[in-house]
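Visitor: The primary structure of each chain is shown beneath.
Number of protein chains: 4
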Amino acid sequence: MEKKIMMDLMVNSNVMIPSLLLENYYMLGLNEEECMLLIHVHSFISKGNYFPTPDDLAERMSCTPAQCADHLRRLVQNGFLNIEQRTDNQIYSEAYTLEPLWEKLIVHHYQKTTDQQHAEQEV
Amino acid sequence: MEKKIMMDLMVNSNVMIPSLLLENYYMLGLNEEECMLLIHVHSFISKGNYFPTPDDLAERMSCTPAQCADHLRRLVQNGFLNIEQRTDNQIYSEAYTLEPLWEKLIVHHYQKTTDQQHAEQEV
Amino acid sequence: MEKKIMMDLMVNSNVMIPSLLLENYYMLGLNEEECMLLIHVHSFISKGNYFPTPDDLAERMSCTPAQCADHLRRLVQNGFLNIEQRTDNQIYSEAYTLEPLWEKLIVHHYQKTTDQQHAEQEV
Amino acid sequence: MEKKIMMDLMVNSNVMIPSLLLENYYMLGLNEEECMLLIHVHSFISKGNYFPTPDDLAERMSCTPAQCADHLRRLVQNGFLNIEQRTDNQIYSEAYTLEPLWEKLIVHHYQKTTDQQHAEQEV
Chain U
1327 MEKKIMMDLM VNSNVMIPSL LLENYYMLGL NEEECMLLIH VHSFISKGNY FPTPDDLAER
1387 MSCTPAQCAD HLRRLVQNGF LNIEQRTDNQ IYSEAYTLEP LWEKLIVHHY QKTTDQQHAE
1447 QEV
Chain L
1327 MEKKIMMDLM VNSNVMIPSL LLENYYMLGL NEEECMLLIH VHSFISKGNY FPTPDDLAER
1387 MSCTPAQCAD HLRRLVQNGF LNIEQRTDNQ IYSEAYTLEP LWEKLIVHHY QKTTDQQHAE
1447 QEV
Chain Y
1327 MEKKIMMDLM VNSNVMIPSL LLENYYMLGL NEEECMLLIH VHSFISKGNY FPTPDDLAER
1387 MSCTPAQCAD HLRRLVQNGF LNIEQRTDNQ IYSEAYTLEP LWEKLIVHHY QKTTDQQHAE
1447 QEV
Chain E
1327 MEKKIMMDLM VNSNVMIPSL LLENYYMLGL NEEECMLLIH VHSFISKGNY FPTPDDLAER
1387 MSCTPAQCAD HLRRLVQNGF LNIEQRTDNQ IYSEAYTLEP LWEKLIVHHY QKTTDQQHAE
1447 QEV
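Chains as they are written, first to last, in the working numbering: chain U, 1327 to 1449; chain L, 1327 to 1449; chain Y, 1327 to 1449; chain E, 1327 to 1449.
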C-alpha cells in the first residue's frame, strides 16, 4: 500500500507551471483567485481533463461553483481563456485552451526584455 | 537576442508545484491568496533565493508589502511555514522552509488514501 | 511565428524525469542505452502517446528500429516494462506502462533509506 | 520515517529535462552515453552542484571515472559543454555550463520550424 503511494508520489506528484505566469499575472491584471483558477485549469488539462466543470474547480477552491462559472466567463471575455469545439471520431467535445494567456505572457516578456536591452545600450 | 530568450524559455520556464498542494490547500484551510504566497515562496526557494522579502513577494501579488508581511506571520503561526537560522562559513542567514506545509499535505493524503482503502475493503 | 515558438517553449519545453531513475538505473542493471529508451517511452507517454513504435523510438536514438524492438523485448522480459491491453469504447489498444520500473526504484530507495537509518542508530 | 520519504518524494522527486534534448541529441551527433552524461550534469546543476567530478558522475553510470573524464573533455572540445571560472567573495570556483548545448538545440529547432513553415507556404 505504502509502496503504491510512494510510486505515485515519485511519478505524478508535480505540475509544471510557467514561471512567467507566477511572475507576471498581477501585471496582466489578474488577482490571486483568478490566477489560481487558471492554474487549476492548466493542471486539469495537463492530467488529461480538457474541460473541468465549475464543480470540479470549486471543489479545490474557496469559491462556489457559481462563482467559478462567473470567473471563467470573465476570463474568457477578457481574453485569458478560450473554449474550443472539437470533433474526434464523430464525438463532439469542448476544451479549454490557455493559448491567449500564454500569448499575453510572451508578448509582455518579449517587450520587457527588449526594452531592457535598449536601456542597456543607451547607457 | 531572440536566441537568448528562447534558450532561457527552454531551460528555465517552469516551476514544479506539488499537485497535492493545488488539490488540497482549501481543505487545509488556506485561501487562494495564502496558497499563492506559499507558491511564490516555493518558487523563490527553487531558484536559490531562500528568504524573499515582503517587497519581493508584493511585487508579484495584488497585496502590499505590509499585507504580505502579515500573511507570512500568520502562515508561520498556523504552522504552514518555518524560518530557519543558518550559519555557513560564519555567515548567518535566515531561510524559509515549507517542510510544515509538505508534512500537512502528506499526512492528509495518507489519511485519505488509507480511508478509501478501508472503505473499498468493506464493500 | 517567433511568438508561436516562444509560447510552445514556455509551456511544453520540459519533461519531468524521476530523479531516482537517473540516480539508480545503473544499480538496477541498466546501461545508458536502456535507460534512455525507458526515458523516451516515459516522455512519449507523458505527451499522450502510450504505445510508441520501435520506429518512433529509433528516430531519436543511435540504434535501428530492429535494435529498439530487441531492447523493448528484453526490458519487458527483465521486468522493467509492461504492456497492458486496454478497451475503451470498444476500441482495443495496447499501452506501455513503466509501473514495474517505478516499483523497482521505490523498493530500492526504501531499502537504502531504511538501511542508512539503522546504521545511524547503531553509531 | 515513511513520512519523511514521502515528503521528499513529493517535493524533490523530479528533474526537468528539455524535450528538445531528448528529441534531438542524436541529430546533434550525440549517442545515449554522451546524452546521459549531459543529463547527469544538468541534474547536478539543478540541485546546486555546479561542478560534479568524474567520480560523482561515474557512480551513476556504466563507465569508469576515467571514461567519464574522457567524455567530458570531448564534450567540451565539441562545443556541448563549457567550464566557467567564477569568483564569489574571493572564493574561486569552476562551474559547468550547458549554454552551448542549449544554443545548438534552439538553433536546430528554429531552423527546422522555419523550414517547415516555408514548405507549408509553398504547397
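Mixed in with the good hints there might be a few duds.
Since the list gives no way to pick out one identical chain from another, each pair is judged satisfied if it fits inside one copy or across any two copies.
What the hints assert, rightly or not - List time: in silico DSSO-like cross-link candidates among lysine-lysine, alpha-carbon distance up to 30 Å:
1. 1329 x 1373
2. 1329 x 1438
3. 1438 x 1330
Honestly, the hints are just simulated from the structure, not real lab data.
Visitor: Hint by hint, say whether it matches the structure.
Guide: Status of the hints after comparison with the structure:
For the identical chains of this complex, residue 1329 and residue 1373 are neighbours both inside a copy (22 Å) and across copies (25 Å), given an alpha-carbon limit of 30 Å. In this homomeric assembly, residue 1329 and residue 1438 come within 30 Å of each other (Cα to Cα) only across copies, at 14 Å, whereas the closest approach inside a single copy is 47 Å. For a Cα distance limit of 30 Å, the shortest separation of residue 1438 from residue 1330 across copies, 14 Å, qualifies, whereas the shortest one inside one copy, 46 Å, does not.
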